[in-house]
Amino acid sequence: MTDLLLEATGVVKTYGAVNALREASLAVRPGEIHALLGANGAGKSTLVKILTGAVRPDAGTITLRGQPCQVRSPAEARASGMVSVYQEPALIPDLAVRDNLRLTGTPIEPFRAWVAELGITTLDLRALARDLPLPTLRILDLARALAIAPDVLLLDEITAALPADLSERVMDVVGRQREGGRSVIFISHRLIEVAALCDRATVLRDGQTVGVLDITEGSENEIVRLMLGPAANGLAAPGGPREPAVASAALPAATAVPAPDASTPRLEVRGLRAGRKLQDVTFDLRAGEVLGVAGLEGQGQDELFAILSGDDRPDEGELRVDGVPMRFRHPADAIAAGLVLIPADRMQALLLQRSVRENIALPAVAPVRRWGPIAMRGEGRRVQGAIQQLQIDTRAGAEVRRLSGGNQQKVTIARWIAGGVRTLLCFDPTRGIDVGTKREIYHLLRELASGGAAILLYTSELEEIQLACDRAVVIYGGRVVDEIPAAEANEARLLRAAHGLRRGAIA
Amino acid sequence: MMRRPDTAEVLGAVRRGGWTLGIYLVLLGLVIYTWILNSRYGLDTLAMAALPLAFAAAGQAVVVISGGIDLSVGAMMALTSVTAAVLMKNAGEEVAVVVVALVLLLGIAVGAVNGTLAVITRVPDIVVTLAMSYVWAGTALLVLDRPGGGAAEWVQDVVKGDLLDLVPRATVILALVVGIAWVPLRRSRLGLSLYALGSHPLAAFRSGVPVQRTKVASYAICGFFAAAGGLALTATTGIGTPTTGDYTLKAVAAIVLGGVSLAGGRGGILGPIAAAYVLAIIRADLVFMGVDPNYSTMIQGGIMVLVVMVAGYLELRRRRR
Amino acid sequence: MSTTPGSTMSTRSSLLSAAAWRRRLRDEPVIPLVMLLAALILLLQVVQPGIVKAEWVSTTIKFATPLAILAACQTLVMLTGGIDLSVASMASLAGYVAASQSPSFGDPAGIAMALGAATFVGLINGVGIGLLRVQPLIMTLGMGLVVAGFLTVYQVLVVSSGAAVPEVIGVVFGGTTFGVIPNSLFVFLPLATLILYGLRRFGYGRLLYAVGDNQTAARLAGVRIGAVLLVVYVISGLLAGIAGLALSGVSRAATIALADPYLLPSVAAVVIGGTSIFGGRGGYLGSIVGALILTVLVSLMTVLQAPQEVRQIVYGTIILVVAAAYTRVTSES
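Residue numbers (my numbering), protein chains in the order written: chain A, 30 to 536; chain B, 0 to 320; chain C, 7 to 339.
Honestly, the hints are just simulated from the structure, not real lab data. Honestly, I wouldn't trust all of these hints.
Stated by the list, open to error - Partner residues are not named here, just some residues of chain C that face chain B (Cβ under 8 Å, in silico):
#1 Leu195
#2 Glu315
#3 Ala330
As the list claims (entries may be wrong) - Now the stretches of chain B that chain A is said to cover, found in silico as 3 or more residues with beta-carbon under 8 Å:
#4 194-200
#5 204-212
Claimed, not checked - Result set (SDA-like, lysine to any residue): computed pairs, CA atoms no more than 25 Å apart in a straight line:
#6 A:Lys306 - C:Thr222
#7 B:Lys159 - B:Glu93
#8 B:Lys88 - C:Gln314
#9 A:Lys306 - B:Leu313
#10 C:Lys59 - C:Val193
#11 B:Lys159 - B:Asp284
#12 B:Lys88 - B:Gly28
#13 B:Lys159 - B:Ala100
#14 A:Lys306 - B:Arg316
#15 C:Lys59 - C:Val304
#16 B:Lys159 - B:Gly28
#17 A:Lys306 - A:Gly346
Predicted model only: the values in this text are computed from it and were never measured. Using N, Cα and C, we set each Cβ at its ideal position, and we do this for glycine too.
The shape of chain A in the complex, shown without the other chains (with noise of 0.2 Å):
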């Protein structure tokens, strides 16, 4: 007799040569929040995906209110009572939200309830999903799994994304899913939200379950612990100094630019305008430092990123870099100019199918005067030397598509080092990456500015500007509203900031 809603017990999945899930187990008791945590790889999406049906297991048991559980599909998931939401929204983008209702079998009335619940107030059932923000959407998501009252809730990253407001009310509703004997399964990269409303915690690594813990005061040590396993040597607190993991390696001669100097900003933005998101950006970004960006959702950061890596266009405004104007029409401009970006979505910036080579490589076929016979041994000479300093792990094989997360984001970079830095726009280059490997990436950004690179960092994550910047940048309303040196850029005072909130205001 077990008082278990939902066990998982000997879980294995293995694609081609990579074990995804090696013995993995989950034990959710009823009317309890559940965090899922681990390392990028460790094998967290996998396991969610076979709970929902979305995949199936090369092995293992899954019991649901103790009674064997065999779920096929999606569909079936439902129908017994387990919804996921995934990071990406479900709903179809030319469907209009009411279709989408109706596809799904989602009751309307407990939908609206539940949409009105999370703070989205003005919902047209009519509009198409692909005309509404990526926040909403996923709050729609959230509310049709809700509208079902499911047993077993599994979120995926639901408050990557979103703006702090809705990640409040998010959270506050999935708590109070605890009454009625119903449960939740929160992944979170977040640890700190991870200690604030779930209960337990099972940490995976590797594809398996290594620990399985109550949440406690200081409970985030011990799960980081868990997630890095034994190379978790000299780690302090999140927030701390910590030891880099990744080989200080001689940089390459591209970047070894003398020290920092003060008479002409590497890049100077002035004045930038784009559509409505945009209003008015000022700031300078000199060699040698690492400039954050921090704002909420939307605040204009995805324009200004845009336009800085030559993907889109301003309507006024002006661009210098190195004192010269600048005029950029292609990423190719900016690219030849010095900017180089690194995307948030690892999807938008690799390619896939091809190597590890192909994929760093990329960027110096690119222009047309390289569309001629390449020169095989000093690209490769170029490729192993990034490959080294980022220490990415290329045993997966030839197509980048089987490297882990992390190793990917690397790669991700690495194609930018291997030219040699001198700008680098990085947006949210940590979202969705496991701890380890974003203070890996972090120190790495640390080492390219002391090696003269301008670095122009945007996190969504407010307490990680101390960690890598020298100062900050705050974004609110398409403008500059504040802009802190990275000693006073606490949380505090950055989120403050974010809001609008002037500097002196009370609390």
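The hints should help you fit chains B and C onto chain A, whose structure is shown.
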């Protein structure tokens, strides 16, 4: 709960249905122009000429909307055409009713085979239907190796001339078939599933859409319309021909002109049907204008290229803000 | 460790697991293709003993060359995730222009005009697809119709001046040296080598794969997608022109629809050869073997005196079976 639509809604609906509206306006314009050119040209002749392509376009539209493509439409039409012709030859008028039903079922079965193979082998749709087009074309030759067979009198009559001297019978048949087979489907769960599959297969899967069954269904529906097209061929010509003209690619042209996105998830059947009529009427107009018939293919292809190039250009402009 | 049956090719065969073999096959898809080709040739020999000899090989290569060149067009274009449904029309155009203009302007001029015309059509395709971002299927379909229509008009205009396949074309693509080596190899081998080398060792070759794999990523890395696509369709036009000349040389005739039956087989050869129709993966070597397989298949069915309907059915079935087998081997999940 009905409310008055506000401007945003109206604009959204116009944007979505705009292309279909446009093509019907073009059709109307051409009809008027044709009438000016040659007032003796009956709409019924036009309707008969356009009927097979209209059905082919309808079938292709369904498949493309759900994210696939069917390069065997022409071959399926040939197969059903000759089967109908062989079965109806020398058979009585009453038997012909059964034949029509059987042939439609045959179309559904053939289409279902296409879909099932695509699902089982996981080979891309374009390749599966490319390969099956040879198989079905060969099967058509097996049934009838040269033009022949026959068609029952009433079958031929039902697509000829005007109903009540007003509307071409061919158009009535087209409207009936589409009305019965597609309209109730479109807003049903299956119809939404078709659009979902074409719009975003992963989201559709996660939304609980039975992806494989839906895919097979889309090809079966296409097979149904292809069979209707084959029957139309037999009805309008009175015989069956095992090697039909280039209906497959012309159907693709018609659906693009009719506002269906080759990427899937967008468009409908009404637009492609109008486009089929437009193509037929252009062909007729060229003849009336005394243009050398040899130019006709070139002009039709040229129109298609121009339309998609202009559309592409406008889309680019829109994306550049 | 499990062994796979019949693995006599490698000395370590007893140590290779099934998974390793699958990976091998996926990374070197040409091997099973060549085995299939060999099997077909063997079958041919069994059905009509003595047929497989030097002359047969020579003739087969001669007849496979135009298809192999058309398969090159499709390979390059399909690597970018596109398709070129106008290759047959462009090929017919080139063959017919060469035949109809050479009597008046001489062979070199006639050939130049032929290739120029085909390349020009490719350029229009490239403008539509590369610059205006029209879907390749529909753009090339439309241009194919335009060219086919143009040829019917053009034929009427030039019928008076007569049409004859230029002598040099007939010799190069239709003739043999020492009675055994097909002359077309002297054109095809350098061409194929250039294409194979270009795909592997040229920056442009890498870009074809990049554009086919992920256009967004390529663009953000500085690749000018429009330029890459424009160029590939121009190349496709030029190669189609060469294929058309080859075809008219092989068949010693030039009609306006000469290459039409080769359109779908050109796609089939590339698919059989293992290039993904979605782009980003594949290569030309497989397409060459694919073209050979299809040519031998036709030869086999001719020898068997199979009626047209059986030929069609077998043709389609083989394409499907090979594509399915290939999909099976390359998919992991």
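Hints breached by this structure: 1, 12
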